[in-house]
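As given, the protein sequences belong to chains A and B, one line each in that order. Numbered according to the working numbering, the first sequence spans residues 1 to 111. Numbered according to the working numbering, the second sequence spans residues 112 to 225.
To be clear, the hints were calculated from the coordinates, so they are not data collected in a lab. As the structure is a computational prediction, the values presented were derived from the model and not from experiment. Hints are not guaranteed to be accurate.
To spell it out: a stretch of chain A is covered by chain B in this simulated footprint if at least three of its residues, at any positions, have a beta carbon under 8 angstroms from a beta carbon of chain B; those stretches are [said to hold, decoys possible]:
#, stretch
1, 35-46
2, 83-95
A few chain A positions that, by computed beta-carbon distances, are all more than 10 angstroms from chain B [unchecked claim]:
#, residue
3, Asn27
4, Ala29
5, Val109
Cβ coordinates follow ideal geometry from the N, Cα and C atoms, glycine included.
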Amino acid sequence: QKEVEQDPGPLSVPEGAIVSLNCTYSNSAFQYFMWYRQYSRKGPELLMYTYSSGNKEDGRFTAQVDKSSKYISLFIRDSQPSDSATYLCAFSPTGFQKLVFGTGTRLLVSP
Amino acid sequence: EAEVAQSPRYKITEKSQAVAFWCDPISGHATLYWYRQILGQGPELLVQFQDESVVDDSQLPKDRFSAERLKGVDSTLKIQPAELGDSAMYLCASSFDSSNTEAFFGQGTRLTVV
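Could you build the full structure based on these sequences and the hints that come with them?
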C-alpha cells in the first residue's frame, strides 16, 4: 500500500464550479497536512496547511482533515480559470521537514 | 519579493556525463532542501541541510549524487554519472528554520538525460 494516494486526474470543471480534491494516507504519524499548487514548469507553492484534525478556510479554499479515516480534502469554491494547475497534497509528522507528497491532481477550469 | 533562485532552468545532458545544479535560498534561511520530481509524480526529498550540515540524506543515491552547502548559504547538487532515469525536475526549497516554518520552493531545474 502506498503511503499517500491521490487521483492524478485530470479533473475538468466549468468556471464557477465547486471543486473537491482528495488524498488518503496510511501513516498514522502524520500530524501536518498541506496542500500545494503547482503551475506548469513552476515550483510548488503552499496553499494551506493544517495541524491535526479539523477544517481551515482561506478565501475560496477550504481544507478538511479526517484523521480517523486518514482522508484529507481541499475544496475550491467559485473556481476560476486561473485555478488550473496541479494540486499536491503533502504530509509530515514534524512540520515542513520530511514532506511526503501525493502524485498531484491536475485541475482544468474552463471559461 | 524574496525567492529561491535556481540555475540552470533547463539542462540536457548525455548519460554518463556529470551535471550540477545550483540553488540560492532566501536570505536568512538556515534550512535548505533538494527534492526530485519525476514527471507525473510528487516531489521526493533527496537531502536536507541545516546551515552547512546535512540533516537527512537517507533518500539520496550516494553512489552518483552528492550535495554540498559549504558556507551554509547556496548549495550545489551534482550527479555523476547521469543515467536516463535521472530525468526529472530538481527542486530546491528553503525555510527560516527546521521547525514549523514554511518551506518556499524555487522554480526548479528540468533535467533531461539523453
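Hint by hint, here is what the structure shows:
Given as covered by chain B, the stretch 35-46 of chain A passes the check, having 6 residues with a CB less than 8 angstroms from a CB of that chain where 3 are the minimum. For a cut-off of 8 angstroms, the count of residues in the stretch 83-95 of chain A with a CB near a CB of chain B stands at 3, and the three-residue condition holds. Chain B leaves Asn27/A outside its interface by the beta-carbon criterion, the shortest separation being 15 angstroms against a cut-off of 10 angstroms. For Ala29/A, the condition that its CB be more than 10 angstroms from all CB atoms of chain B holds, with the nearest at approximately 16 angstroms.
A cut-off of 10 angstroms between C-beta atoms confirms that Val109/A is not in contact with chain B; the least separation is 20 angstroms.
Checked against the numbered hints given earlier, the structure satisfies every one of them.
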